[in-house]
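K.L.:
I would like the entire structure built from these sequences, with the hints used as guidance.
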Amino acid sequence: MKSCLVVDDSRVIRKVACRILLDLGFETSEAEDGGTALEACRRHMPDMILLDWCMPNMTGIEFLRALRRERDGERPIVVFCTTENDVAHITEALGAGANEYIMKPFDRAIIQAKLVEVGLA
Amino acid sequence: MEQADIIYLARMLRRRSGLLLGQPKTHAIESRLAPVMRRFGFKDVDALIRELRHGRDALARAVTEAMTTNESSFFRDRAAFERFRDAVLPALLMQRAATRRLRIWSAACAAGQEPYSIAMILHDRKLLAEGWTIDLIATDLNSEMIARAELGVYSHFEVQRGLPARSLAAHFNQAGGVWRINESLRRMVTFRQFNLLDSFGWLDDIDVVFCRNVLMYFDPKTKAHVLDKIGEVLAPDGYLLLGPVETSQGLSNDFAPTDATCGVHVKAGRALPRVAMG
Ligand SMILES: C[S@@+](CC[C@H](N)C(=O)[O-])C[C@H]1O[C@@H](n2cnc3c(N)ncnc32)[C@H](O)[C@@H]1O
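In the order they appear, the protein sequences are chains A and B.
Take this note's numbering: the final residue in the first sequence is number 121, and no numbers are missing along the way.
Take this note's numbering: the final residue in the second sequence is number 278, and no numbers are missing along the way.
Simulated from the structure, these hints should not be mistaken for laboratory data.
Cβ coordinates follow ideal geometry from the N, Cα and C atoms, glycine included.
Nothing false has been slipped in among the hints.
Output of the computed footprint for chain A on chain B, the stretches with three or more beta carbons under 8 angstroms from beta carbons of chain A: (1) 151–160; (2) 163–169; (3) 173–185.
P.N.:
See below:
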């Protein structure tokens, strides 16, 4: 079973995303900020990370850069999931090593389509 | 709605657009026709059908368009577009090396997702920059769809299904929460309202016909007839791309499928260029 870590400071968003991912056959875990997420990754590197942009302490981009420097940190598929919805943000995210990009609000169909994009469907 | 009216409507739709109505629920028909009813000022469907029976062409046209299913998405059935990009297009570029001209037709383009997907592939392959002349024609029966396609504006949801983020960032711009296709791509496509049941006289020498997810709505006779006409306007060494549940087999001897899944057909009796076999 593939694992996905959902990183978002909103409990509601984490819950909604986890429910969809569970339904799509993923094992899910949650983190409410980048620091906690990094610790979780050090314990167990997930197959995929669904990543918010704007979070306290560490932005999604900062987390991503830190992750990619970790041991095995190149391995997870990282999909941004954020309210930032312009070309500049998408370009920055992909440039920083994200694999895909979801703009909120999202639904099951969007998550499913993006899983196809990254080869995890 | 009375049974006789439903039968009348079904027969009219079949004659005008090829659409097989099947066994629809009355309320499904009524909800599709509600906007037409309002636009033409009818108080109910019965009144609308009465007027239809008196041969009002603008009304019949609007009803026919309203009954079409316009569901589509960018790079729909991904494998088919990958096959186009990785096999059909490379073969075609060799076949047309002398003229450096490509003529591609998206025959039921809905709101433009299909022709713009093709345009993205051609653009990424830098064909215009390399001096190729490209005619990308896109048609649909539904004039509202053609108007939308010409605008090239898509919702948050439409651009997140089937379209990789990289392509979105490369080929679209966001303003006010909606996404507009870049002008350079928009200008690659010529849109025109066109019914596949009408004469193909204006079309000729097409290298690739995308006729995807539309024949499936037609009865076998209409499918065969449309395939015949496509055979006439397709270049002898051209390609026909059908949808995943569509086939030319048993309907037309003009074509031969090249594979089971991607819908790529060539003219019967033609040896397939090796590179196009994927
Ligand atoms: C389900 S959409 C498919 C769009 C696109 N080719 C795709 O694969 O996603 C079918 C389209 O066929 C159009 N259509 C239906 N009957 C037609 C006809 N007789 N001539 C031209 N277009 C027709 C509809 O208006 C609709 O936009």
